[in-house]
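Protein chains in written order, with the numbering used here: chain F, 8 to 144; chain H, 34 to 156.
None of these hints come from the bench; they were simulated from the model. Even glycine gets a Cβ: it sits at the ideal position worked out from N, Cα and C. Please note that a few of the clues may not be correct.
What the hints assert, rightly or not - Derived Cβ-Cβ restraints for the label pairs, each shown as a range:
hint, chain 1, residue 1, chain 2, residue 2, range
1, F, P69, H, R144, 27 to 33 Å
2, H, E153, F, S46, 32 to 38 Å
3, H, R104, F, M122, 27 to 33 Å
4, H, S133, F, R78, 36 to 42 Å
5, H, R104, F, P69, 19 to 25 Å
6, H, A73, F, D38, 28 to 34 Å
7, F, D38, H, D115, 33 to 39 Å
8, H, E81, F, H130, 31 to 37 Å
9, F, R11, H, S133, 48 to 54 Å
10, H, R144, F, E84, 48 to 54 Å
11, H, S133, F, T85, 47 to 53 Å
12, H, R144, F, D38, 37 to 43 Å
13, H, T68, F, R78, 35 to 41 Å
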Amino acid sequence: MRDRDLNRILYVEDDADIRKIVCMSLEMIGDYTVAACGSCADALQVVDDFDPDLLLLDVMMPDVDGPSTLRKLRRRETAADAPAVFITAKVQAGDMEHYGRLGVVDVIVKPFDPMTLSERIDHIWQRYRNDGHVHTG
Amino acid sequence: MSTPDEIVAKELTRLSANFLEHLPQELRAVEDEVTAWLDAPQNTRRFEILSHRVHQLKGSGSTFGCPGISRAARMLEQRMGDLRREIDAGQRPATTDVESAMAQLQNEGRRAQTRLRRQEGGK
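Isolated chain H, as found in the complex (with noise of 0.2 Å):
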């Protein structure tokens, strides 16, 4: 019989399974909104909802085995943060390191599929 502990552990690697499964859709899901947000930056709840989308990431990802997403996706967030300041003071907004970030949150998350396949291959 097993025990609580060893419950929650198989919960916690089934769910970590589940996240980086679902990983390649969200990272698409992100990217076309990242891409939406900047077509029209002083879109402010457009800004919200991606926001809130990569903050769950960063919490998640380290969660379920992923520390490299948690930390693009902190950087990407800092960026997000820091362009949506230059637009609330009128300035030019420069993209390129939100698109920057985000390419780097992509890598990770190629990264973390490719030592996902070869934990399958090794099985």
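The following block holds chain F by itself, in its conformation from the complex (with noise of 0.2 Å):
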């Protein structure tokens, strides 16, 4: 998986202005193939076509939330590996170590400049290329 570019990433989002602006900017910006979904039933309907090289979720969604939305994705063979980045307007202590095992190899932490995502999703992608390393920070 490591050796992948990034080139598809499953975005999960249930504020729809948000994850319009989300989906421009990596699609537009970042040059990605982007599957955009507002729920983790949306999400679990499209994974399998999509065969995601990341999956970037954000964390507080009514009903599943986003590590319950993983865990569910994570059973899907397609995703089953996947390094996942969560977005939050939270991280409390004790979340990243949790998140870790989960697959999640970063937080990017709300608010975000929509405009330099992409940037950010690749330097991610890079680091997990690289070293794999969860980032604590």
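Put the two chains together into one complex, using the hints given.
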């Protein structure tokens, strides 16, 4: 998996406006292919056909939150080993250790600048490819 | 022809304007939900729905050019969490901190609207 280039990002976020600007940013500025989903159920519907290189998930979503969505995606072969990045407004002590066990390689803290998000994702991917370490800072 | 950066920046401007336009309506809805929750603070489902709404405001405020809304929403979220813990601990809940955080959020909303009107007037 780590030899792959980053092309396809499966993105799950319930806020429609945030989803739209992030999707545009990743596709137009980062030149990535993005499957944007509004819920865990949407993500589970598209993940097998989409075969993502990276999972990008909002943490706090109604009904099924980011960590639970990731656990469900991990049961699918296409997302079993894909590195994941969480987007959250709140990182509490101990969260990173828990997230690391789920295969989360980094956390992007809200608010973030949509204009520089692709650069950030690229940086995370390069670091993942180079050493696979979970970012704990 | 516009560059990708310019197209995304233009969409960000449009979504920011849209956020501001709908902000008074959203804050009224949040205030109504706060009032309803404070009437029955043991209602866990109502608390969860309200928490999610406030959390979204916290996340989207700064992204769409209103950092004051994010800060006030963060404060309201904290105060709601404090109140929830008091209830869970069997204490008699004091609602004034939540009410004052809600009032602060409304103040930030009015500030944002004033700034928008000034910007429109300056065009």
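Structure-based check of each hint:
Separation of F/P69 from H/R144 is about 29 Å and conforms to the stated range, judged on CB atoms against 27 to 33 Å. Judged by the Cβ atoms, the range 32 to 38 Å given for H/E153 and F/S46 holds: they are separated by roughly 36 Å. Distance hint check for H/R104 and F/M122: the Cβ-Cβ separation is about 22 Å, which falls outside the suggested range of 27 to 33 Å. Range check, H/S133 to F/R78: Cβ separation about 39 Å, and the 36 to 42 Å hint holds.
Between H/R104 and F/P69 the Cβ separation comes to about 23 Å, which falls inside the hinted range of 19 to 25 Å. Between H/A73 and F/D38 the beta carbons are some 50 Å apart, a value that contradicts the proposed interval 28 to 34 Å. Range check, F/D38 to H/D115: Cβ separation about 45 Å, and the 33 to 39 Å hint is violated. At about 35 Å, the beta-carbon gap between H/E81 and F/H130 stays in the expected band of 31 to 37 Å.
In this structure, F/R11 and H/S133 meet the distance hint of 48 to 54 Å, their C-beta atoms being roughly 52 Å apart. For H/R144 paired with F/E84, a C-beta distance near 51 Å keeps the hint of 48 to 54 Å intact. With their beta carbons about 49 Å apart, H/S133 and F/T85 fall inside the hinted range of 47 to 53 Å. Judged by the Cβ atoms, the range 37 to 43 Å given for H/R144 and F/D38 holds: they are separated by roughly 38 Å.
As the Cβ distance of H/T68 to F/R78 is approximately 36 Å, the hint placing it in 35 to 41 Å holds.
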